[in-house]
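Chains A and B are the protein sequences, given in the same order. Going left to right, the first sequence walks through residues 1 to 542 as my numbering numbers them. Going left to right, the second sequence walks through residues 543 to 960 as my numbering numbers them.
Derived by calculation from the structure, the hints in this document are not laboratory data. Among the clues, some could well be false.
Below, simulated DSSO-like cross-link-like pairs (lysine-lysine); rule was C-alpha separation at most 27 Å, straight line [what the hints assert, rightly or not]: (1) Lys399(A) <-> Lys459(A); (2) Lys503(A) <-> Lys448(A); (3) Lys299(A) <-> Lys53(A); (4) Lys448(A) <-> Lys459(A); (5) Lys459(A) <-> Lys860(B); (6) Lys771(B) <-> Lys420(A).
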Amino acid sequence: MIAFAELLERLTLTPGRLAKIALLRRFFETEPDPDRGIGLAALTGELSFEAAKPALIRALAESRTDPTLFAWSYDYVGDLAETTALMWPDPEPDRRRNAPVPSLAEVVDGLATTPKTQLPALVAEWLDLSTPEVRVAILKLITSTLRVGASGRLAKVALAELGGGRIAADDIEELWHGLQPPYGELFRWIEGRGPKPDPRDAPVFRPPMLAHPLEDADVAALDHALFAAEWKWDGIRVQLVATQGGRRLYSRGADDISAAFPEIVEAMRFDAVLDGELLVVRDGAVAPFADLQQRLNRKAPTARMMENYPVAVRLYDILFEAGEDLRPLPFAERRARLEAFVREEAPDRMSLSELIEVPTLAELQELRAGARAASIEGLMLKRRDSPYLPGRPKGLWWKWKRDPLNIDAVMMYAQRGHGKRSSFYSDYTFGLWRDTADGGRELVPVGKAYSGYTDAELKQLDRWIRNNTVHRFGPVREVSHAEDHGLVLEIAFDAAQLSARHKSGVAMRFPRINRLRLDKPPGEADRLETLMALVEGVAVEQ
Amino acid sequence: MPHPETWLKTLPDGLFCEPGGFYVDPVNPVARAVITHAHADHARSGHEAVLASPETLRIMEVRMGEDRAGGHRQPLGWGETIDLKGVRVWLRPAGHVLGSAQVAMEWRGSRVVVSGDYKRTPDPTCLPFEPIPCDVFVTEATFGLPVFRHPPAEGEVRRLLDSVGLFPERTHVVGCYALGKCQRLIALLRRAGWDGPIFLHGALMSVCRAYEAMGIPLGDLRPATASNKAELAGAIVLAPPSAIADRWARRLADPVTCLASGWMRVRQRARARNVELPLVVSDHADWPELCRTIEEVDAPEIWVTHGREDALIHQVEKEGRRGRALRLIGYGDEEEEDAADPVPGGETNAAPPPLAPPATALGPTALAPTALGPTTPGPTALGPGGPDREAAPSGAADSSAAPRRARRGRGGAGGAAA
Numbered sequence: 001m002i003a004f005a006e007l008l009e010r011l012t013l014t015p016g017r018l019a020k021i022a023l024l025r026r027f028f029e030t031e032p033d034p035d036r037g038i039g040l041a042a043l044t045g046e047l048s049f050e051a052a053k054p055a056l057i058r059a060l061a062e063s064r065t066d067p068t069l070f071a072w073s074y075d076y077v078g079d080l081a082e083t084t085a086l087m088w089p090d091p092e093p094d095r096r097r098n099a100p101v102p103s104l105a106e107v108v109d110g111l112a113t114t115p116k117t118q119l120p121a122l123v124a125e126w127l128d129l130s131t132p133e134v135r136v137a138i139l140k141l142i143t144s145t146l147r148v149g150a151s152g153r154l155a156k157v158a159l160a161e162l163g164g165g166r167i168a169a170d171d172i173e174e175l176w177h178g179l180q181p182p183y184g185e186l187f188r189w190i191e192g193r194g195p196k197p198d199p200r201d202a203p204v205f206r207p208p209m210l211a212h213p214l215e216d217a218d219v220a221a222l223d224h225a226l227f228a229a230e231w232k233w234d235g236i237r238v239q240l241v242a243t244q245g246g247r248r249l250y251s252r253g254a255d256d257i258s259a260a261f262p263e264i265v266e267a268m269r270f271d272a273v274l275d276g277e278l279l280v281v282r283d284g285a286v287a288p289f290a291d292l293q294q295r296l297n298r299k300a301p302t303a304r305m306m307e308n309y310p311v312a313v314r315l316y317d318i319l320f321e322a323g324e325d326l327r328p329l330p331f332a333e334r335r336a337r338l339e340a341f342v343r344e345e346a347p348d349r350m351s352l353s354e355l356i357e358v359p360t361l362a363e364l365q366e367l368r369a370g371a372r373a374a375s376i377e378g379l380m381l382k383r384r385d386s387p388y389l390p391g392r393p394k395g396l397w398w399k400w401k402r403d404p405l406n407i408d409a410v411m412m413y414a415q416r417g418h419g420k421r422s423s424f425y426s427d428y429t430f431g432l433w434r435d436t437a438d439g440g441r442e443l444v445p446v447g448k449a450y451s452g453y454t455d456a457e458l459k460q461l462d463r464w465i466r467n468n469t470v471h472r473f474g475p476v477r478e479v480s481h482a483e484d485h486g487l488v489l490e491i492a493f494d495a496a497q498l499s500a501r502h503k504s505g506v507a508m509r510f511p512r513i514n515r516l517r518l519d520k521p522p523g524e525a526d527r528l529e530t531l532m533a534l535v536e537g538v539a540v541e542q
Numbered sequence: 543m544p545h546p547e548t549w550l551k552t553l554p555d556g557l558f559c560e561p562g563g564f565y566v567d568p569v570n571p572v573a574r575a576v577i578t579h580a581h582a583d584h585a586r587s588g589h590e591a592v593l594a595s596p597e598t599l600r601i602m603e604v605r606m607g608e609d610r611a612g613g614h615r616q617p618l619g620w621g622e623t624i625d626l627k628g629v630r631v632w633l634r635p636a637g638h639v640l641g642s643a644q645v646a647m648e649w650r651g652s653r654v655v656v657s658g659d660y661k662r663t664p665d666p667t668c669l670p671f672e673p674i675p676c677d678v679f680v681t682e683a684t685f686g687l688p689v690f691r692h693p694p695a696e697g698e699v700r701r702l703l704d705s706v707g708l709f710p711e712r713t714h715v716v717g718c719y720a721l722g723k724c725q726r727l728i729a730l731l732r733r734a735g736w737d738g739p740i741f742l743h744g745a746l747m748s749v750c751r752a753y754e755a756m757g758i759p760l761g762d763l764r765p766a767t768a769s770n771k772a773e774l775a776g777a778i779v780l781a782p783p784s785a786i787a788d789r790w791a792r793r794l795a796d797p798v799t800c801l802a803s804g805w806m807r808v809r810q811r812a813r814a815r816n817v818e819l820p821l822v823v824s825d826h827a828d829w830p831e832l833c834r835t836i837e838e839v840d841a842p843e844i845w846v847t848h849g850r851e852d853a854l855i856h857q858v859e860k861e862g863r864r865g866r867a868l869r870l871i872g873y874g875d876e877e878e879e880d881a882a883d884p885v886p887g888g889e890t891n892a893a894p895p896p897l898a899p900p901a902t903a904l905g906p907t908a909l910a911p912t913a914l915g916p917t918t919p920g921p922t923a924l925g926p927g928g929p930d931r932e933a934a935p936s937g938a939a940d941s942s943a944a945p946r947r948a949r950r951g952r953g954g955a956g957g958a959a960a
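If we strip away everything but chain A, and leave its shape as in the complex, we get (with noise of 0.2 Å):
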C-alpha cells in the first residue's frame, strides 16, 4: 500500500504525461503481483466497493476525533478523506511495530469481501497500522475518488514500456476490456513468460483510426478523385461493440460509457463492431455541442435527461460484422459493408453519415466554405483505398476544418499554466462589450483560451500581465481592462452556440488566440451582439 500511496500522490501533482509514464511504469516494475495488478484496476477505475461509503469515513472520524478540532480541520482540508486520513491518531508504538501496514490486495480483499457491519472495524484496524500517506490513499480508495489525473490510456503506454518495445499500447488496448483485474495473464505476456491472453468474443474496444489536419498547403497536392468526402459532425467519437459477449458503447479514449446511453446500447441488436458520432438529434435536427454535453460525465441519465437530450448515432465505418475482421478491407469496401449492413438491420437512433459526391475540389471547397450549420465542424476525407489502421496513420485520413470565426476581444483575467508553462500567465479570459443599465457599457466575459500563440508571443503576454495587473486573486491576475488601457486579442473559434451555462448566454467551440492586437484600444475591440449574430442554426437530418 506504501508505493501505491506514493504513485497516487505523485500522479495527482504531476503535470507531465511523460513522468506520469514513467512513474506508472516504475510501480508497475518494482511491485508484486497482486499488488500491481490491482493498482492498475484502481488507477483504471474498474474497482468499486459498494457497501464503503463517505458515511463511514465521517463515522470514524467522529469516533476518534474530537468534534470541535476535527470541523476546523475539515474546514482547512476541504476535504474529508484526506482530513481523518491526516488527523487519524497515531495507535500505542508496539502496536504498529507488531504487524505491518496493509497490502493494497489486502484493502481492496477486504472492501470487497466484508459485511457492511464488520467494515467499520476493519477500516479502523487499517488505519491504525498505517502512515498518513497510506490513510489517504485507503480512505480514497473505498470512496472512489482517486482522481489521479492519469487515463487509463497512460497506464496502458506504461505497461508497453513494460515490454520492451515488442509491445505496443494498443495491442493492449485491443485486450483490455476482455481481461481482469489483477491481470496476471497480461503482465506475464507483457514480461515475456506467458501467452498473449485471447479476449474470445468479448466485446473489447478497438483503438479508432485517426485524422489529420488539412492544412492550406496541403490541399493544392490532394488527388480529389482518390477521396471520398463526408461531413465532420460536431458531436464525440464512440465505437459500438455487439457481440456473442456483451454489447459496449465507447467513447474514443476507450472509456466505456455504456451506462450513460442505455437507449443506444439497447438500439444495438447486432453482432458488429461500429464506428460513429454520437449525436443530440431532436426532430431530425442535430443539436449543437452544448446540448450533448449535458448528457456527459453522468453515471446514468435520468428518464427527462433522455427525454430532453435524445442522442443518436451517425455512422462512418465498419470494423467487424459477425466476428469477421473488416479492418484490412480498403475503406470503398467497408463501406459498401456499411451501407448494406445499415439497410438489413436498420438499428433505431442510428443512420448513415452521407458522403458528399461532388465532381471536383473546387466545389468541394465551396461547400465547406458554405457549411454554416453550427453541428458541423467542417469536412472529413478518407482516401478510397484506405485499410482501418489505428492511430494517425500518415496522408490517409484528412479532416478539413472550416475556417474558424473571429473576433477582438479583450483580456479580463490571466492564470498561470501548469508543468511547463507554470512560470508563465498562459491562460487568459477574455469578455465583450454590452451595454449596462445605466447608460454605460462593461466587459462581460465570454470564454477562456490558453492556445493558438507563438513561444515568442507567450513572453510578450507574460510580460504584459505582470505590467497591468490590478488584482491578485491566488494563481489568478485581474488585468487592466478599461476603454482606453487593456490588451485586445484577436479570438479565433469554430463555431458559437447558445448556452445557458454561461453569464453571457453564448459559448465559443474551440476559443485560441489567434493574434495579439496591441494597436487597438480596448474600447474599439467587439461588442456581445457581434458574437450573437454568430451563432449559427441547427442542421437538419438529410
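Guided by the hints, dock chain B onto chain A, whose structure is given.
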C-alpha cells in the same frame, strides 16, 4: 506575586516586559529588544539595542548588514543569565534554526518562557529544544491543527533522492526558506549520502556561508546562476519558494518543482502552488509536538502568539490549563511566503521580501497607557557596562529557582490577572 499579565503586555510593537523595559521580538524598531531568532518577522532591523544568542546576532548581521542589525548588539550565551532592571533573563535553545532561543524571564517570583518559533524533532544544524518548566508558556501555533503531523524529515529527503533517481535528466528545484530550512535540507542530504554539488539560488548563499563559519559544514555549494542548463540536469537546486515556479526557474532543465514546508501536508496546498513533489519538512512544531511541549513545561497558562490559536487553546483548556490568544500581529510564517508574489528575474532582487511593519494593527490588549514609558534608557540599558551579567549557576534556570504557581482550575475561569 504579580500575575505575568501585569508585567508582560502586548503592545502595538509587540510583547513588552514592563519592569525590564524591553520587548521580545518587536515588530517595529524599539529601544531595547530581545530577539529569539533571526527570521525576518522576529528580528526586525533598526532597534537601538538588541540582546540575542551570538549565532542569532551573527545571522542578523549577515542578513541585514551591520548597520541595520541594531545599534548595541549584545550576545547572551547558552547558560548565561542577565539582570535587566530586576528581571532575570536567560536563553535556552528552541531547536528552530541555528541560534534560535527561548527567552525565559523571571520577575518577583513568577517565570514566563517565550518560546519564539520552535520544533522538537532533531535538526543537525541547531541545538535541540530544551523544555523549561514555567508559570506562563508563550507558544507559537503555526501548525496548530491536528492534521499537521510532520513525518521524519529523513524520509522526505529520501523521497527527493528517489525522485532524482527516477528522473535523472531533470533538475529538482526545492523551494525552501533561506534561513534554517535551506541549511537543514543540505545537512540532511549530506547525511543521506548526497555528496555531489548542491546548487543555490543567489539569495541562499550568504546564510549558508555564515552557518559554515559557525561550524556547520555544508559541503560543495555552487551558485545555480553560474551553471548552464546541461549542468543542472539531474542536479538538486535550492531556491526561495517564490522563485521555484517563476521566471527564475526557466534556466533549469525541465524542473521537478519541489517545496519543503509543513504546509505541504495538505495536498490542496501543494496543488495550488503547482508543486510536483511536496516535501513535508518543517522547522515548526507540529500538533503532537505542540501538545507534548505544553505537557512537559507544564505551565498552568498558555499564551499563543500566532497561528491557529483557536484550536490550540481549545486543546489546552480541555486539559485544564488557561489559554490566551495574544494575537500578535506581524508574525508571519517563513514557510508561507506569498506564492503570487514572484521574485523578480534579477538575483539581486531575490532576497527575502522586505517586511512592511503593520502600521495600524492593534492587539486586543494594546491599550496600556504605559507604552511610551520604558523607552527611556535607564541605568540598566543594554550595552557594555550596563547590564549586571553573570554566569548562570547550575540550577539557576531550573524550576527550583522560582516558586511555582499552583495549577489553576479547569478552564481557568478565575485565572485572570492576580
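Quickly compare the C-alpha distance for Lys503(A) and Lys448(A) to 27 Å and report which way the hint goes. The given pair, whose Cα atoms are some 13 Å apart, holds under the 27 Å limit.
Would you mind confirming whether the straight-line C-alpha gap from Lys299(A) to Lys53(A) stays at or under 27 Å? holds, 17 Å
For the pair supplied as a hint, Lys771(B) and Lys420(A), is the alpha-carbon distance within the 27 Å limit? holds, 15 Å
Check the hint pairing Lys399(A) with Lys459(A) against an upper bound of 27 Å on the C-alpha distance. violated, 31 Å
For a C-alpha distance cap of 27 Å, please report whether Lys448(A) and Lys459(A) respect it. holds, 18 Å
Has the given pair, Lys459(A) with Lys860(B), been kept, meaning a C-alpha gap of at most 27 Å? Outside the cut-off at roughly 56 Å; violated.
In the structure shown, a violation is registered for the earlier hints numbered 1, 5, in ascending order.
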